[in-house]
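Novice: So the chains spell out like this:
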Amino acid sequence: MLFENLWKGHRAIREIVERAEAYSHQLGDDKIHAEHLLLAALDLPGGAARRAFERAGADPAAAADAVRWTHATALRKVGVEPVPEAALTDPLDISSTRTLRGQFGESGKQVFTLAAAKAKLTRTRAVDLHILDAVGDLREGTAARALRELGVAPGAIHAAVLDELAALDRAA
Amino acid sequence: MAERTLALPLPDDPSDALAAVVALRREADRLERAAVAHAVEQGWSWARVAEALGVTRQAVHKRHAKKA
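So the sequence lines, in the order shown, correspond to chains F and P. Mapping the first sequence onto the numbering used here, position 53 (from 1) lands on 53, and the numbers just tick up by one. Mapping the second sequence onto the numbering used here, position 42 (from 1) lands on 1042, and the numbers just tick up by one.
Quick caveat, the hints were computed from the structure, so don't treat them as lab data. Beta carbons: idealized from backbone N, C-alpha and C, even for Gly. Take the hints with a grain of salt, since some may be wrong.
[Claimed, not checked] Simulated DEER-style distance windows between Cβ atoms:
1) Q1042/P x R123/F: 54 to 60 angstroms
2) K120/F x T1056/P: 40 to 46 angstroms
3) P1009/P x A86/F: 58 to 64 angstroms
4) P1014/P x G28/F: 21 to 27 angstroms
5) P82/F x R1057/P: 19 to 25 angstroms
6) P45/F x P1009/P: 42 to 48 angstroms
7) P1011/P x G155/F: 41 to 47 angstroms
8) D1016/P x P45/F: 33 to 39 angstroms
9) A171/F x L1024/P: 33 to 39 angstroms
10) D1013/P x E18/F: 47 to 53 angstroms
11) R1048/P x L121/F: 18 to 24 angstroms
12) E1041/P x V83/F: 51 to 57 angstroms
13) R125/F x P1009/P: 46 to 52 angstroms
14) R148/F x V1055/P: 49 to 55 angstroms
[What the hints assert, rightly or not] Looking from chain F toward chain P, a few residues come up when the C-beta cut is under 10 angstroms (computed):
15) R55
16) D137
17) L138
18) E140
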């Protein structure tokens, strides 16, 4: 995988992938997609992505439900009534994950590639912020629709990430 | 060329229509995983599962063997 070459051995990357994998499993998917990376980034210790998300006007606690709502709404638009699903376990059960190593969906690959490019530009290791920024750049797909459902305006995530990066710089 | 009428309604908004495709594909994948696991539990061979799905035995084994 491209991201493994770019960020090999990076603890925060491993943590995000592990959590994204757990979200993929718990949401009933078999690949890591952009929305799983978003949820994982919002969980990362330090909370930079979480703060930026809130700065963009979105509630991090509502993100997982927004993803599920997005799938359910899409099904209803074609007349299919989804079966209600159990709530996600809290805290997230990392041990329950199957090994999805390398099994990224296209949107997951796209987010990682974009996040890596953004990290290079800013020369910062705030991985969760770059993941969030990359997800915010997506125009279509489940993650983009979930962000719209959460009331995030176009460009709001990017602006919030830049603010958060500036705050981290000032604190350093 | 006249297309056969869709069994499901086509949403006007392309974003909604394509999101429905994603959601249906996701449900189909989940249904496939559950159905294959159930068939294997019931003693079905990989060859029979593959035949039922209309794919090769190798394909079904690769996709499901480690998860079933």
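Novice: Hints the structure violates: just list their numbers, smallest first.
Specialist: 3, 5, 7, 9, 10, 11, 12, 14, 15, 16 and 17
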